[in-house]
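So the sequence lines, in the order shown, correspond to chains A and B. Residue numbering for the first sequence follows this note's numbering, starting at 1 and increasing by one per position. Residue numbering for the second sequence follows this note's numbering, starting at 1 and increasing by one per position.
One or more hints might be untrue.
Pairwise CB distance ranges, derived in the manner of DEER restraints [what the hints assert, rightly or not]: (1) A12/A <-> G16/B: 15 to 25 Å; (2) D115/B <-> Q49/A: 13 to 23 Å; (3) H48/A <-> S5/B: 39 to 49 Å; (4) P62/B <-> R72/A: 29 to 39 Å; (5) C13/A <-> P23/B: 50 to 60 Å.
Everything labelled a hint here was simulated from the structure, so no lab data went into it. Bear in mind the structure is a predicted one, so any value in this text is a computation, not a measurement. We treat Cβ as the ideally placed atom computed from N, Cα and C, and that holds for glycine.
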Amino acid sequence: MAAKLDFESLVACYYKPLYQFAYSLTRTESDACDLTQQTFYVWATKGHQLRDQSKVKTWLFTTLHRQFLEIRRRQTRFPHHELSDVEDELPVISPQLASQLDSMQVVRALGRVDEIYQAPVALFYLQDCAYKDIADILGVPLGTVKSRISRGLAQLRKLLADDLSPESNTGTAKS
Amino acid sequence: MNTQSARKILLLYRPGTADANEPEFAEALDFARQDENLHRWFGEHCATQEVIRSRFKLIPVPEALREQIISERPWQPLIVSKREVFALAGFVAAVVLVCFALLWSRPPSPVNTGDNLAAFQSRMVSTVLRAYPAMDLVTSDLNQIRAFLTEHSAHGDYVLPAGLGQVAATGCATISWHGKQVSMICFKSGRPLAPGQTSDVWLFVTDRSSLSDAPAGDQPQIASFNRVTTACWTRGDKTYVLAAEGNEEFLRNYF
Numbered sequence: 001m002a003a004k005l006d007f008e009s010l011v012a013c014y015y016k017p018l019y020q021f022a023y024s025l026t027r028t029e030s031d032a033c034d035l036t037q038q039t040f041y042v043w044a045t046k047g048h049q050l051r052d053q054s055k056v057k058t059w060l061f062t063t064l065h066r067q068f069l070e071i072r073r074r075q076t077r078f079p080h081h082e083l084s085d086v087e088d089e090l091p092v093i094s095p096q097l098a099s100q101l102d103s104m105q106v107v108r109a110l111g112r113v114d115e116i117y118q119a120p121v122a123l124f125y126l127q128d129c130a131y132k133d134i135a136d137i138l139g140v141p142l143g144t145v146k147s148r149i150s151r152g153l154a155q156l157r158k159l160l161a162d163d164l165s166p167e168s169n170t171g172t173a174k175s
Numbered sequence: 001m002n003t004q005s006a007r008k009i010l011l012l013y014r015p016g017t018a019d020a021n022e023p024e025f026a027e028a029l030d031f032a033r034q035d036e037n038l039h040r041w042f043g044e045h046c047a048t049q050e051v052i053r054s055r056f057k058l059i060p061v062p063e064a065l066r067e068q069i070i071s072e073r074p075w076q077p078l079i080v081s082k083r084e085v086f087a088l089a090g091f092v093a094a095v096v097l098v099c100f101a102l103l104w105s106r107p108p109s110p111v112n113t114g115d116n117l118a119a120f121q122s123r124m125v126s127t128v129l130r131a132y133p134a135m136d137l138v139t140s141d142l143n144q145i146r147a148f149l150t151e152h153s154a155h156g157d158y159v160l161p162a163g164l165g166q167v168a169a170t171g172c173a174t175i176s177w178h179g180k181q182v183s184m185i186c187f188k189s190g191r192p193l194a195p196g197q198t199s200d201v202w203l204f205v206t207d208r209s210s211l212s213d214a215p216a217g218d219q220p221q222i223a224s225f226n227r228v229t230t231a232c233w234t235r236g237d238k239t240y241v242l243a244a245e246g247n248e249e250f251l252r253n254y255f
């Protein structure tokens, strides 16, 4: 998006992916709407300070994520696992099994992933941007992004596998 | 690279994105093509990832959100780039230069510096007509008047016309004219005065050099301004203007 965008064109381009990202983080429609609106509000008041117009997309996602963190700031220290520790535990989910899932199940599962991994995983699935851009959005080093996505994917797949297991269908699933 | 490290890298691979261009992924992809088990695992992994990814992208978005964002848009500051600012500044400078050039190239108009006799007389007449001039000193003593004017850097060494010496003075004042002091001596002719009026004849004295077209001699030049008649003459280094309400004949009585 190299050229300057007027406000309405910008909204048309990005409000859907921004909302989906926000919903992945909040799992509440009203909160996601608020975050998306707030992001465009910030753009309308401060967006002109962005010199490199090609960074609009990254700027918007960065802003939304910061807004989310401000709202949900908490002091909890997240458990730290090396990827090798969790990789062995990765359950296998076949494409056929995965296709039984709907969007809300996936988002609910993401909500049970450690919070520090939620945004990286959401961006991993929702956006086609490079890992470098994801790192810029989240404000962390590239290596940290990759490790967080790996851990987050592992947790998510385990949760989805649990949801898809026969026991889950008999009412023992976590929610 | 071995199977385990390749698998670890490919866990983060997203088909259909620019990931394939990254050297790390490219190397792992090459390795997977040569490892049958890894290749099979990778194919299934990608298919599963694609399903999950599609679920994320199917998150429903409220229909009214777009309109709501646009309708609640705050005031957006005007975005002006440095280039646009410089262009605008250049345009303004050009307009100013053109205006100056046009003004400069206009044929010169008659010089009117405001220091001519007509302007001086007009200014003095307007002074006496403005609810009668306020006097700095109220006295009938001509010596006091001379002393006061001299003390205030005005002209105290004036020479009165012969007829005016017989008229009662009422006071004096100083007036600034083009940065120079003008003496105003007030007289009462003896005619009936309006309520509050204390004088009806006024003599103004200024430097001859302060007027570009001062009369050359002491023969009075008569002029009329509204209801006031003036007589102007030069004596020595001073130019005099005698003003009074009335006609020329009335004024000539003082010479």
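Verdict for A12/A, G16/B (Cβ pair) under range 15 to 25 Å: For A12/A and G16/B the Cβ distance comes to about 23 Å; the hint holds.
If I claimed the Cβ atoms of H48/A and S5/B lie 39 to 49 Å apart, would that claim hold in this structure? The hint (39 to 49 Å, Cβ to Cβ) holds, given that H48/A and S5/B are roughly 46 Å apart.
Verdict for D115/B, Q49/A (Cβ pair) under range 13 to 23 Å: violated, 58 Å
A range of 29 to 39 Å was offered for this pair. Does it hold for the Cβ distance of P62/B and R72/A? Given about 21 Å between the Cβ atoms, the range is violated.
Does the beta carbon distance between C13/A and P23/B stay inside 50 to 60 Å, or does it fall outside? violated, 31 Å
Going down the numbered hints, you'll see the structure goes against 2, 4, 5, while the others check out.
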